[in-house]
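Visitor: One letter stands for each residue in the lines below.
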Amino acid sequence: MISARGFRKNRNNLNVLRALRNVRLIPLFFLTSFAFRKSETVPSLILHFRVYVHGEPMQLNKKYRNPFGEIYEISRFRLYIGNIRPAYTDKETKLKKSSSYQLVDFSDSTTTYMELPATTGTCNGVEFELGVDSADQNHGAQSGQLDPSKGMFWTWNSGYQSFRIEGYSPFSNQPAHIIAYHIGGYRYPFSTVWKIKMNTTNDEVFKITNDYKIIVEVPVELDYFFDGPTPLHIKDISSCTTPGEMSRKISENFIGSFTGLVLTSAP
Amino acid sequence: MKFFRTIILIGIFGFIWINTPFPFQIPKNFPPPVYSFQKNPLTKRGFELGRKLFYDGRLSKDGNFPCSSCHQQFAAFATYEHRLSHGFNNQFSFRNAPGLFNLAWERELNWDGGVNHIEVQPLAPLLDPHEMAEDLNQIIGKLKKDKLYPILFNQVFGSPEINSQRVLKALTQFTASLISANAKYDQVKNGTARYNQYEQKGYEIFQMKCARCHTEPLFTDFSYRNTGLSLDTTINDYGRMRITGKKEDSLKFRVPSLRNIFLTNPYGHDGRFSTISEVLEHYNNGIIPGPTLDSSLRNGIPISDNDRFYLISFLGTLTDSGFIKNPLYSDPETGIQNYAPVDRH
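The listed protein sequences derive, respectively, from chains W and U. Under the working numbering, the letters of the first sequence match residues 3 to 269, in that order. Under the working numbering, the letters of the second sequence match residues 3 to 347, in that order.
Hint data in this document are derived by calculation from the structure and do not stem from the laboratory. Misleading hints may appear alongside valid ones.
[As the list claims (entries may be wrong)] Straight-line Cα separation of at most 30 Å, BS3-like style, residue types lysine-lysine; simulated pairs:
| no. | chain 1 | residue 1 | chain 2 | residue 2 |
| --- | --- | --- | --- | --- |
| 1 | W | LYS197 | U | LYS4 |
| 2 | U | LYS144 | W | LYS251 |
| 3 | U | LYS248 | W | LYS237 |
| 4 | U | LYS249 | W | LYS237 |
[As the list claims (entries may be wrong)] Partial list, computed: chain U residues near chain W (C-beta under 10 Å):
| no. | residue |
| --- | --- |
| 5 | GLN27 |
| 6 | HIS119 |
| 7 | VAL122 |
| 8 | ASN184 |
All C-beta atoms, glycine included, are put in the ideal place defined by N, C-alpha and C.
Take the sequences, apply the hints, and build the full model.
Guide: Set out below in structure tokens:
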């Protein structure tokens, strides 16, 4: 029933853990209902965003250590994902920019899945945008996923945050030891909106067909977020809540945490 | 029977009137507006809903601060004689509330241009803890509980749903309709009035010394400039740099429109000047040099006492008394208030 395989860049020694994780029942239950709801004849791709720490799925409000030994816990973690498209190996993709976005909120697992209709074909990766494209940032009052009441919109410097990580750390010198990375900004040169293309490793391919749905898991590995081009020591940088150079740098760290795709297929 | 027919006819006309698009008239001497209601079709009912929201204290956390508490019609929708405006919990805003008019021509809003679209402008004061201090979902909850609002939203948007988008679009129907374009200046341009000799002289001086930044007919070129104001270290407002993060934008603020300038005192982004005369003296002899000072101000703008008199005479022709007395823009409950009341705070 399940042909589950894992692919990952050979960046560390966590491959064994990853392989063990590949058979996952809970998401599949959810997706079965998903599959029945949609017409079976529409080929589609399902993306599942998941946060990992040290190769294990992250739990909210649980204490972890970052690569610098600093203890922290995440209480809320949200990010905007948009313009998802499969990367086909057998044809050119000339999909129009969709301007559709999803606010992934890791405290609500239903928001971590997104199903997108796609044409059948062979793929070796996916492309998506982190954050809200600059072309969609100044269209006035929005509803749905971009409703400013979702708390991701800066009112004094108009724009949607790309991602928002909130929590606590005894190493933070903020009131109540808060850590707050509210990262956004869409204007040159401090844009935090990134086009991300993630490939399967070893040129592994997956097929989008009419018969079954493929789930592509997009892991977000928080260790790389802290230990990125700008080492994020909580004692030094515990908060960034405005667009600008720091936001941009932290977003550079964040895209490094998208480490590689894990594939599963749903019946 | 005749009586009933009349009633029905009045009803039908009334219905048509209330659903007809509300005219958004672009003044003859104005350029095309930036905001033209394309995705937010202006209707009488939409405008009236926005107007009701604008004057409704429930949009603020404690109910005391409707939009109109800082944007008063008799002050051309600025705050009358307040450097900084009052907000929630005895706090002050950190900038002077600008007059609200001709907003449909503004590509960016606020003193630092931080707001990129007129529809999202209300979010700044609504959510600012120093101003209306409310939460969007709370506001929507309050409006949903009201007896009238769901009916009004249904009439305007075709369903009783109330969400932030609809609140903001309705508010914009009101704010973007606030057009001030019938001051004496405009009447002179249209040939229906004439300047007196002082105003005429003042207009000539204005064109020579001020019009480069305060460009006609909107009396601003919408640029951001450092006009040589010292930094107030109790506020530490660096203006445009707060938005762009660029050093070269330090201490730059939006060139404000001079329309209705007699009504919008105090002046400057932090309201530091009480009178127009003080502002003119600043340009004459008060410019603080700095790396981002506007190049046109390096030597100040010499303004003699006589020039000052003439200039102020001309600036008086920018007062649009029809605008501040327009009953369409007034509080739908209390009606027109064309005089300044005793300070309510």
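Visitor: For each hint, tell me whether it holds in the structure or not.
Guide: So, going through the hints one by one against the coordinates:
The straight-line distance between the Cα atoms of LYS197 (chain W) and LYS4 (chain U) is roughly 70 Å, outside the 30 Å bound, and the hint therefore fails. Restraint check for LYS144 (chain U) and LYS251 (chain W): the C-alpha separation of about 40 Å exceeds 30 Å, so the hint is violated. Using a Cα cut-off of 30 Å, the hinted pair LYS248 (chain U) and LYS237 (chain W) holds, with the two alpha carbons roughly 26 Å apart. Our distance criterion of 30 Å between C-alpha atoms is met by LYS249 (chain U) and LYS237 (chain W), whose separation comes to about 27 Å.
The beta carbon of GLN27 (chain U) is not positioned within 10 Å of any beta carbon in chain W (closest approach about 22 Å), and the interface hint is therefore violated. Because the beta carbon of HIS119 (chain U) sits about 4 Å from the nearest beta carbon in chain W, less than 10 Å, this interface hint is met. Satisfaction of the interface hint for VAL122 (chain U) is found here, the shortest Cβ-Cβ separation to chain W being roughly 5 Å, below the 10 Å cut-off. Annotation: ASN184 (chain U) was flagged as interfacial toward chain W, and the flag is violated, the nearest CB pair being 28 Å apart, outside 10 Å.
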